[in-house]
Amino acid sequence: MEVPYIVKEREDTGLINSKLGIWIFLASEIMLFGGLFSAYIFLRLAAPDILITEENIKPGFQVGEFVFAFKYWASELSVPLATVNTLVLISSSVSMVMAWASLKLNDLSKYKMYMGITLLCALIFLVIKYFEYTGKFHHDIYPSSSTFMAIYFTLTGLHGIHIIGGMIVMIYFWLPIGNKMWDSQPELFTNRVEVLGLYWHFVDLVWIFLFPVLYLL
Amino acid sequence: MSSEHSTESIQDHIRVYLIVFGALAVLTIVTVVASYLDISTSEGIFLALIIASIKASLVAGYFMHLISEKNTIIWVLMLTVVFFFVMLFLPLISYTDQVHI
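Protein chains in written order, with numbering that gives the first Met the number 0: chain G, 0 to 216; chain A, 0 to 100.
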């Protein structure tokens with residue numbers, strides 16, 4: 000059975016079903032991440048000040064001073080790595096939208112190039128994240144180490160899972176098994192890539208908020 | 000964005016995408032620089048969230064095509080934003096636990 004309204008728009012919504020579907024899914028994603036952001040805000044509001052002693056001193060702090068717990072633990076994170084990751088993810092968003100535009104211009108080879116760049120950016124993001132995580136583990140820092148680290152690993156971990164999910168779909172659409180649809184149903188394939196793009200831009204959008212909230216504040 | 004797009008309009012879109020990309024990269028650097036400014040924590044939070052919101056609007060507006068999207072999607076999102084803020088501040092109800100009436 001053919002799925003209705005995935006090439007031609009429905010008269011009542013003015014949309015193809017797949018686009019409305021992905022937006023409703025993204026709405027549920029906003030609530031998922033929203034719940035965790037809410038948790039972050041309330042954990043931060045309730046976080047205490049830590050007295051710096053000889054035992055718990057870290058670079059940038061002095062013995063005897065009181066430091067806000069979230070600031071103290073956030074000092075463990077690498078701002079340069081996260082900045083690079085932000086730029087990498089923004090680049091992947093642009094290449095994703097360029098991949099879709101290439102299909103609109105009937106250029107499959109350019110589509111493959113841009114989709115390949117998007118995949119590469121996603122992979123670079125994950126590799127950097129891997130080094131960030133293992134760097135923490137080598138310093139004996141785990142989600143159980145503090146409230147900040149618990150919410151840090153939860154938020155970035157959930158975001159990382161979204162990156163992996165997006166990559167799986169990207170690989171499928173990048174390989175011949177996925178993009179052979181271009182030959183038989185080019186419009187449907189273009190719509191699929193657009194829907195994937197909407198998901199991917201959302202993943203970028205979440206990171207745009209995660210970056211300052213976890214690393215900079 | 001559906002099939003009615005001509006080659007010229009797509010090429011216009013591509014120009015806009017590249018401008019937005021430049022703006023997002025610059026704003027990312029601005030966010031990092033702003034975090035080193037000698038301002039209070041609340042001012043820092045305000046500034047960082049303003050910049051993040053501008054970046055998010057650029058992504059949603061241009062990459063996700065929300066500026067030219069159908070009303071059905073705009074309404075779905077507006078409803079989501081309302082519920083998002085309701086959920087965000089739902090835990091505030093716990094403060095009523097402290098009120099002894």
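Some hints here could point you the wrong way.
[Stated by the list, open to error] Now the in silico label distances, taken between C-beta atoms and shown as ranges:
# : chain 1 : residue 1 : chain 2 : residue 2 : range
1 : G       : K109      : A       : T40       : 24 to 32 Å
2 : G       : S108      : A       : W74       : 34 to 42 Å
3 : A       : G60       : G       : S77       : 29 to 37 Å
4 : G       : L86       : A       : G60       : 27 to 35 Å
5 : A       : S5        : G       : V168      : 44 to 52 Å
6 : G       : I127      : A       : G21       : 35 to 43 Å
7 : G       : D48       : A       : W74       : 21 to 29 Å
8 : A       : P90       : G       : L104      : 42 to 50 Å
[Claimed, not checked] Facing chain G, a subset of chain A residues (Cβ under 10 Å, in silico):
#  : residue
9  : Y16
10 : I28
11 : S34
12 : G43
13 : A51
14 : A59
15 : L76
16 : T79
17 : M86
18 : P90
19 : Q97
[Claimed, not checked] Quick look at which bits of chain G chain A covers, simulated, 3 or more residues with Cβ under 8 Å:
#  : region
20 : 16 to 30
21 : 80 to 91
Hint data in this document are derived by calculation from the structure and do not stem from the laboratory. Note that the structure is a prediction, hence the values are computed from the model and not measured. Even for Gly, the Cβ is constructed at its ideal location relative to N, Cα and C.
How the hints compare with the structure:
no.: 1; hint: K109(G) / T40(A): 24 to 32 Å; in the structure: 47 Å, violated
no.: 2; hint: S108(G) / W74(A): 34 to 42 Å; in the structure: 39 Å, holds
no.: 3; hint: G60(A) / S77(G): 29 to 37 Å; in the structure: 31 Å, holds
no.: 4; hint: L86(G) / G60(A): 27 to 35 Å; in the structure: 20 Å, violated
no.: 5; hint: S5(A) / V168(G): 44 to 52 Å; in the structure: 28 Å, violated
no.: 6; hint: I127(G) / G21(A): 35 to 43 Å; in the structure: 22 Å, violated
no.: 7; hint: D48(G) / W74(A): 21 to 29 Å; in the structure: 45 Å, violated
no.: 8; hint: P90(A) / L104(G): 42 to 50 Å; in the structure: 49 Å, holds
no.: 9; hint: Y16; in the structure: 5 Å, holds
no.: 10; hint: I28; in the structure: 8 Å, holds
no.: 11; hint: S34; in the structure: 4 Å, holds
no.: 12; hint: G43; in the structure: 6 Å, holds
no.: 13; hint: A51; in the structure: 5 Å, holds
no.: 14; hint: A59; in the structure: 7 Å, holds
no.: 15; hint: L76; in the structure: 7 Å, holds
no.: 16; hint: T79; in the structure: 4 Å, holds
no.: 17; hint: M86; in the structure: 6 Å, holds
no.: 18; hint: P90; in the structure: 5 Å, holds
no.: 19; hint: Q97; in the structure: 13 Å, violated
no.: 20; hint: 16 to 30; in the structure: holds (count 7)
no.: 21; hint: 80 to 91; in the structure: holds (count 5)
Checked against the numbered hints given earlier, the structure breaks hints 1, 4, 5, 6, 7, 19 and satisfies all the rest.
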